[in-house]
Structures are given as structure tokens and as C-alpha cells.
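Enquirer: Each chain, letter by letter, is given below.
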Amino acid sequence: MKRRNFLRGYLPAGMMVPSFVNGMGFKVFETGHSFLQNMLLPPGDNDRVFVIIQLNGGNDGLNTIIPLDQFPKYVNARKNIYIDETKALKLNGINHTALHPAMKGMQELFNEGKLHIVQSVGYPQPNFSHFRATDIWMSASDSRQVLSTGWVGRYLDETYPGFPTGYPNSTMPDPLAIQIGSVTSLTLQGGAQPMGMSISNPGAFYNFVNNQADPAPNSYAGKELTFIREMTRQTQQFGDVIRNANAKVTAQSTYPTGNPLADQLKIVARLIKGGLKTKIYMVSYGGFDTHANQAVSGDTATGSHARLLGNVSGAIKAFQDDLKYLGVEDRVLGMTFSEFGRRILSNASLGTDHGAAAPLFVFGSKVQPGISGTNPIIPSNATVGDNIPYQYDFRSVYASILSNWLCVNSATLNSVMLKNFQDLPLTKTGTCSVVNPVGNPDQLIVAYPNPFHKNVTIQFKTNGGHTLIQVLDGAGRLVKILLDREFDPGTFRVDFNGEHLPAGIYYIRFQNLVLQQVKSVLKV
Amino acid sequence: MRQFQFYPSLNPYAGPWDYSAVRHLLKRTLYGATRNDITQFLAQGFSASIDQLIDETRPLPAPPVKEYNSSAAANPDTAIALGQTWVNDPNTDGTIASFRRSSFKKWWIGTMIGQEKNIREKMTLFWHNHFSTESNEVGNAQYVYKHHNLLRTNALGNIKALTKSVTLDPAMLVYLNGQNNNKTAPDENYSREIQELFVIGKGPGAGFTEGDVIAAAKVLTGWRNNATTITSFFDPNRHDTSNKQFSSFYNNKIITGRAGATAGDLELNDLLDMLFSTQEAALFLCRKLYIWFVYYEITPEVEAEIIVPLAQLMRANNFEVKPVLKALLSSEHFFDAMNRGCQIKSPVDMLIGMIREFEVAFPPAIQFQNNYGHWNLLVGYLNNLQQNIADPPDVSGWKAYYQDPSYYEYWINTDTLPKRIQYLDNLVLTGYTFGGFKMIVDGPAYIRKFSAPGDPNKLIDDITQHILGLPISVSHKAQLKKDILLAGQSEDYYWTTAWDTFVQTPSNMANTTFVNNAIKNLIRYLVDLPEYQLS
Chain L
1 MKRRNFLRGY LPAGMMVPSF VNGMGFKVFE TGHSFLQNML LPPGDNDRVF
51 VIIQLNGGND GLNTIIPLDQ FPKYVNARKN IYIDETKALK LNGINHTALH
101 PAMKGMQELF NEGKLHIVQS VGYPQPNFSH FRATDIWMSA SDSRQVLSTG
151 WVGRYLDETY PGFPTGYPNS TMPDPLAIQI GSVTSLTLQG GAQPMGMSIS
201 NPGAFYNFVN NQADPAPNSY AGKELTFIRE MTRQTQQFGD VIRNANAKVT
251 AQSTYPTGNP LADQLKIVAR LIKGGLKTKI YMVSYGGFDT HANQAVSGDT
301 ATGSHARLLG NVSGAIKAFQ DDLKYLGVED RVLGMTFSEF GRRILSNASL
351 GTDHGAAAPL FVFGSKVQPG ISGTNPIIPS NATVGDNIPY QYDFRSVYAS
401 ILSNWLCVNS ATLNSVMLKN FQDLPLTKTG TCSVVNPVGN PDQLIVAYPN
451 PFHKNVTIQF KTNGGHTLIQ VLDGAGRLVK ILLDREFDPG TFRVDFNGEH
501 LPAGIYYIRF QNLVLQQVKS VLKV
Chain Y
1001 MRQFQFYPSL NPYAGPWDYS AVRHLLKRTL YGATRNDITQ FLAQGFSASI
1051 DQLIDETRPL PAPPVKEYNS SAAANPDTAI ALGQTWVNDP NTDGTIASFR
1101 RSSFKKWWIG TMIGQEKNIR EKMTLFWHNH FSTESNEVGN AQYVYKHHNL
1151 LRTNALGNIK ALTKSVTLDP AMLVYLNGQN NNKTAPDENY SREIQELFVI
1201 GKGPGAGFTE GDVIAAAKVL TGWRNNATTI TSFFDPNRHD TSNKQFSSFY
1251 NNKIITGRAG ATAGDLELND LLDMLFSTQE AALFLCRKLY IWFVYYEITP
1301 EVEAEIIVPL AQLMRANNFE VKPVLKALLS SEHFFDAMNR GCQIKSPVDM
1351 LIGMIREFEV AFPPAIQFQN NYGHWNLLVG YLNNLQQNIA DPPDVSGWKA
1401 YYQDPSYYEY WINTDTLPKR IQYLDNLVLT GYTFGGFKMI VDGPAYIRKF
1451 SAPGDPNKLI DDITQHILGL PISVSHKAQL KKDILLAGQS EDYYWTTAWD
1501 TFVQTPSNMA NTTFVNNAIK NLIRYLVDLP EYQLS
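Each protein sequence line maps, in turn, to chains L and Y. So the first sequence is numbered by the numbering used here: it starts at 1 and just counts up by one. So the second sequence is numbered by the numbering used here: it starts at 1001 and just counts up by one.
A portion of the hints provided could be inaccurate.
To spell it out: a stretch of chain Y is covered by chain L in this simulated footprint if at least three of its residues, at any positions, have a beta carbon under 8 Å from a beta carbon of chain L; those stretches are [stated by the list, open to error]:
#	region
1	1238-1246
2	1339-1350
To list a few chain Y residues with every Cβ distance to chain L over 12 Å, as calculated [said to hold, decoys possible]:
#	residue
3	Q1040
4	T1414
5	F1437
6	G1469
7	K1477
8	Y1493
Derived by calculation from the structure, the hints in this document are not laboratory data. Remember, it's a predicted structure, so these values are computed and weren't measured experimentally. Note that beta-carbon positions come from the ideal geometry of N, C-alpha and C, so glycine has one too.
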């Protein structure tokens, strides 16, 4: 059954909330369940937790999720570092896609139905600077928009209005968000201040002396003084809360040693089990900027990228197993992200340079198992500037988790995400709302002639509702939005005049509600 | 939205040359300021003080020495005696390299603590943050020291020349993959960062393109390292000899491709000429100096009245840094009340500054292993406070100097603030012991040098004036006096008598214990204040 029909059949007509903000991306339906929940319960009053794992440096997606259906092209583009087909880890029920050989734990999670892979996550006009791209992911901005708040910071700002005034209180006695590590991330930055706290070792917390405060002068120095005092206050306030939660847990299942990500997730599991009502945990793991020697020549299943992915996989598997052991598995959803993927073509230093879209992982006992999207399209003769075009906007992933896992209502979602984004089937029954998964859809777009010189015609089949068609160039940059509006169900055509464009590969990206497809065309 | 309005000007400061002005200048240009430093600069006047601080002719410190036991290494450096420097010995044993990188970091702490009354130490750290490299990534300790010495030697020199040296520096060639960059597959790592992080930046006027990154990568092909000679060299066979086309941001410049032994050098000169001839280069570099020495908020007025004229001065002086520093540090704006006390101390500024301003004693220089041991403790504490010297988080340096919106505030969070307090407390209360020697603030020795340590009001005024970035109120001081120096009593003579007895009859153990504890508690209280985190 199509999602639209399914929802029509089960929802009172009045529950359908069409939304047309800014045209880009889309979310049409608010399910009855989350509507009622939002009416009856104070905001955020569920016991769900979301864990964010940042992979710093730009993870090489093409060597993480191996595109078996395009294997010769993949080998051709990655002559010196490609992963041997026989070594790639197969996934139950999946023929075309496999995992890097180091990701045994993730393979097991997938086969247990606790892993969802989202292919080619990115955004229009990708940025290749670590720092800017990280800011884009953390702030959930458009490529050229500079926001000084983070997406989680905005979510917490909306959900806990007025924070920190009046907090902690009986509804939220604990920190809103906890970052393991010592540098506060832009992700958690709210409108006025960071909405989370940072700790590296909750067991080592201790109290301060009581400061006697003089009025802060009206100057820059006064501004900084006030900031430090506020940090002092927060540290004192939550020190005991966190220490007590940490101390309550006396047994955990086994984690790998010498794995910095596992060390962090182990603390997160303790704090969740220890009873903190904290909604968001954020951890990070670095070293993914693999310009050189990411794989060992002649033994490409080993090397620095294998070590990194092995640690990610081992840490997440151990965390998931521990959550189950601790009896809190159904309350926790996790996600990985990295500021960008890497170039299709490997370089001569056995590495890869900064690229565009890449896969990400969503994990937990409540994920909708499977893979969203198709393997990226790899050109037959990839050139140095070629990038993987995005299939899914990263903000669609955020928005789907906020609305379907954290039960954020649609009005709040608009304030947090600043636009409407596609709703993706990442979580399953038992969460606040469910997006029905779609199977591998039929061919929804055809482009002809291909190759083209001047005009190319795109024929597309929409199920009705919001429909978007974009043209991206070989480097992943947005060239043109061909259409972006409501359609009735049916098959339509649109022409694109590309005579002014340089010759090369272009991508047509089609998006219709939860569906999207990307098709390559060659301009000659 | 700006919170505060003031009128920035690069005109020379004409206000009072008083304790507060001297203290401000010294705290921003040195790590902490001892009372002697302040007294001396107060006496010698404004102009001579500036000149002394930016004097680039002071001798360099002796290089780090072997203070480790290398016998466990596969290839031990037995030819180097303990106490002799290792920096010119091309040993590449992994264990030795690890010892030496550690030895280098300890040594650097030692040079910071032993700094002269000169800005060089702080400028060396500025350049380390600017041309950021990670010693653990570089690996080769000789390269690490050579790179550091390059920054130190040129800390007050020519920025364009320094950029060229850094580009060809073995450590940087390792760190940003320049040594792998060759004509078959250019590696863009360094070519991106020289534009994005080192010369052009990411400001509103930075318009370089991905094409420029690729073109510059080709210019930079062919450089390699020789670990035996501890130098880099150019291999013309690996150089891309094609013409390199740049974007309209660089006026569509074409760098002519060259072949042969001098090709790399000539093309690099062209590249640097092109980068430094943009308007943005000097603006970007001046903004970074401003954030380092003044404050992170660059208002439109500051941009127009400070950054733009400083950038003009920088260009007019062909990228010599000294005239720019002189203009900035002598300016009315630098001394504006608005800009005093508003820097959150970096971990280095806080810990090294505390050791210097309380004149913490170390073993005599001959006991170098003992000294390196203490310096090593400080390396570890700084690391825990998120400033691992020689190993910043990544190529963009520390967040406190570039990350909008919080900048310096990134140093302080609910993890690092308790640790800061803990390290300061320990330095006052228990000290840090290594090799039988204790690194600790000697409270009585510190207060003995003030003019009237027996007067509790004067004593608290003097200490707070010396160490706090912002004054505390009269009532706050009165409370402190009562609670700590008068032990809850209300008459001042209680402290005066205790102090006089302490000086004249130290054998009165009850009194001596009280005075020692009172001083410890007072200093501890003051360094725990948020005001102490400001400079």
C-alpha cells in the first residue's frame, strides 16, 4: 500500500496538516498518535534518548558501503584502495551492497534488524572545507547560510523554553544534553548559550568553592565574567546529579579496549541506565581525514580507514549489546555523521580527498531495518573533480528523527529545522509516528536523449503531492531546480536546456515525498 | 547585534601610564606579569616598554636536550650524551622519536616559564596556532623541532617569507601531505589550507574556488623530505609542468608551468606573490592578530578603524609583522577600558602565567632531568585543559581563535572549568612533586614582597590588583578579609599581629600555621574566582 493511501485510510481527515514552507523538502502528515501525545503530555515528556556520533574528518563513504552492483567502475575509480569483493561483508537479503570488512559488528547489527543505512546523505552546493562543512552539518544550515545556533540547540531551546532560568525542575532535573569530550559543539549551541554540558569523566566531578559574586561591569570583560560564572553554576548544579547516575550502574557488558569511541559510549550507557532524563548525548571520534595511506597497498582491507571503521563498528555493537543488557535498549536511537564523504577517485597517496555526499548509519532496536536509497552512481571514467551527488538531504534525517523519534510536533519542527524536509522511514512501530518504508521503487524518472547536447527531456512519475526535480553537476553542485511544486498523481515531462553547460556528467535528482531517485545524464 | 558602543582608533595611546595600563600590556604580551616586570615597565615609560617587548634581536634559547633513557629502543641514540641536544641527530627509531617529541614539549614549557620580557614567546604560540601542525602526525622529532624553531626564529619577522619557509618545511610537508603531492595525482591538502587557513582565510572577502585549490596543488607538486639531512628538496620529475590557471578572485592569474631544478621554487614565489597581493590576505592576518591580542568581536567600527588601516600598514611594510604589532599595541584602542580584562586565558596563559606571576621556584638548571620532569607534568595538565601544545586539535588550530560565536569561551565548559580550578588549587595547596622537588606557590614569599603585608586591606588590594583580570568590590574584599585574614574577627590588628609574629618569631608554630593557611586560603580563593580566568 502506498503511504499516502495508508495514512488516508487510518487518519481522520482533520489530522492531515499540509505544509508548504519554502517549497524545499516536505512533510505532509502529522500522525494522530503524535498529535495526541503532544496534546496530552508536556513537551519532551517521553523517555527517548538520541545519541549522536560525530566522525571527524570526512568519512570515505565509498569504502564504507561497497557498491557491488557497480563493482568494475568502483575498482576503476579506486584502483589502489578498492575493497576486494570477496572480503566485503554481505548483508542478509541484500545483493548489491556490502560493508567494509572491518565492520563485523555493524554487519551483525544489520542482520539483527537494528541498523538502517541511509545512502548518499548530503546537501546542495557541498562545501569542501572541514570547518565550514562541519558548521553546516551542526547548524543544519543551507550551504551558503551561516547560522550561529545548532540544530539540537534549537530543538532544546524550543522544547525547554527559557532554559536555563527555572531549570533544573521536576520535569527536567538533569542536563538537557551531555557531550562526552571537552569542547562544546556548535550542534548544542542554543540561541543564547550552549544547551548541553561537557564532561570527559563523570566519576571525576567535584564541587567548587562557593563564589561570592560582584555585579559584572557593562563591558566585554563583564560579558566574559558572566559567562564563566554561568559555567561555574552549571557545573556545580549537575555535578552531583551526574555522579549519582554514574554510581548507580555497577555492571555493564563488555566493551572493546583501546577504542576511544567505545570508552565514550560506555559512559553514555551508564548515564542512561543511571536514570538521567537527558535527551541528547553527543560523542565524537576523529581521524577520518584520510588523504594518504587510508589502506595498505596490496592488502586494502587493512590500514587506517579499516582501523577507524573497526573501532566505530566495534563500539556501536558493544553499546547496543550493553543497552540490551541494561534493559534500556528500546529507549535509545543512535546516528553517525561526518562533515562530508570523499572524492570518487582515489589519489596516488593511497588516500582520498574531500568529497560530497556519503552514507550514514542510524541504529537501535527501534530502527526500521534496511537501506534507504541506492548505491551512488559511479562514472565509468571518474575524473578528479567528480563527486557523489546527494540522494538525501542530511536535514531530512534530522527532521525525521525529531518528529518520529523525539515526537516534536510540526510547528516546532519548522522552528528547529527552519524549513520542511522530507520525512524518512528510519524508525518503526512504537515510536511517536511511523513513516511507512518504501520498497525499491520502480523507475520513476527517464531522461532522453542521453547523452544529450542541447536539450534533455525528463519524464517522471509522481504519486502526487510535493514533487521536486533538481539538476546537479559532476561535483555535486546544484545547477538548476527544474520544478518544485504540488502535483496530482501521474506521469509528466519537463525539458532542461543544458546547452550553456560544459560537457560532462550531470545528475537529475527527483524527490516525491518519501521517494527519491537520482539519474545520471551525459552532456556532450 | 553589538552590545557595546565605543570608538576604536589606532592613534597612539595618550592615557595614563599607570599600573593598570602596564599590567594590561604585559598580560597580553607575556605569560603572566611578575611584580618586578610591572615595576620595571612602569618606571621606563610607554615607548621604551613597547620597544623592549617587540625587540626581535634577543638571542634564541638553547635547543632541547636528551633527558630520556633510550636503552629500550631498537636503535638507541647512544652517541648523544644525556644533557646534549638531539635536534641534529637523524635517528628515526619510533621509540626515540616518541621520547624526543616529548622532550621537545617539555622544553617548550621550560622556555615559556623562562621567557624574557619580550613578546616572542607569545608570538611563537600565535604562529603555532596559525600554521597549525600536530607533532604526533609529523612523527619525526627532528622535523618537529625544526618547524618550531622556524616559527620562533621568524616570530617577529616577515610573514610572506615565513609562509614560504613553512610551505617547504619538512614537518609541514608531512603533516599536510605535501611530500606525497606529485604530478600524477595532486594532493590538495596543503593547497587548500594555505588559502583557507594560512593566507586568505574564510572572511567575507575570500573568494578562492575549488579550481584554485586544484591549481595551487599542481604548483606545489614535487617537494620531498630527506630524513637524513633533516631537510626538504625539490624533485623536478614529480613536478607538474603545466600552466596553472586561477580564478577571477586572483584576477585569472596563470602561473606559468616550469621544468627543471628551480621550477618548484619559482612557481611557489609566483603563488605567494599572487596570494599576498589579494586585499584579503593582510585583512585576514590582521584579524587573526587582533583576536590573539585584543578581543574576538570585530565590530564594523573595529574593521574600519583598526583592521583596515593595520592591513594597509602591513602591505606598505611588505608583510613585516613588527610595525603592525607596534601600531596595534601602542594604540588608544588596545588600551581602551573596554578591551581590558576581556580575554579568557588560554590554558597556557593560565598555568604558565600563574607559575610566573607567583614566581614558583624550580630546581637549578643543572638538574635538567628534574626540570624536564616538572615541565612534563605541565604538558599533561595543559593537554587535559584542551591545549596540548604541539598537538592542536587539527590544522585550523584551537577553536578559541576562530570559532564563531564563542571564541575564547570555547576554553571554558563544564568539563574544563573544574579541571582549571583543580590545577590552580593544587599549585597553591599541595604542589606537584617530581624527583623529590615540589613545584608549589610559596604564599609567604609572594606576599612578603608587597609594600605592607601586615595591613590586611592593603594586602588584599595589592594581590587582587596584581592577579585578577577585573577588580572585585570593596564589600567582597571586606568579606574576604574577615573570613580569611581575620579568622572571623573584626579588628585589622588581628592580622597585623599575626603577620608580625610570623616574621619575627617563626618558631611560634601555632601562629605560623595560621598565617601559612590564611595565605594559602586567600590565594586559593582568589585564583578560583572567575575574575582570575580573565586577562
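Enquirer: All hints, please: hold or fail.
Expert: Okay, the hints, checked on the actual structure:
Coverage of the region 1238-1246 of chain Y by chain L is violated in this model, with 0 residues showing a Cβ closer than 8 Å to a Cβ of that chain against a need of three. By the rule of at least three residues with a Cβ nearer than 8 Å to a Cβ of chain L, the coverage given for the region 1339-1350 of chain Y holds, with 6 such residues. With a closest Cβ-Cβ approach of about 26 Å to chain L, Q1040 of chain Y is found to remain outside the 12 Å limit, as its non-interface label requires. Interface exclusion of T1414 of chain Y from chain L breaks down, the closest Cβ pair being 4 Å apart, not more than 12 Å.
Annotated as non-interface, F1437 of chain Y keeps its C-beta farther than 12 Å from every C-beta of chain L; the closest such distance is 27 Å. With a least beta-carbon separation of about 7 Å from chain L, G1469 of chain Y fails to lie farther than 12 Å from that chain, contradicting its non-interface assignment. The beta carbon of K1477 of chain Y is not kept farther than 12 Å from every beta carbon of chain L, the shortest such distance being approximately 10 Å. With a least beta-carbon separation of about 25 Å from chain L, Y1493 of chain Y lies farther than 12 Å from that chain, consistent with its non-interface assignment.
Hint check: violations occur at hints 1, 4, 6, 7; the rest are consistent with the structure.
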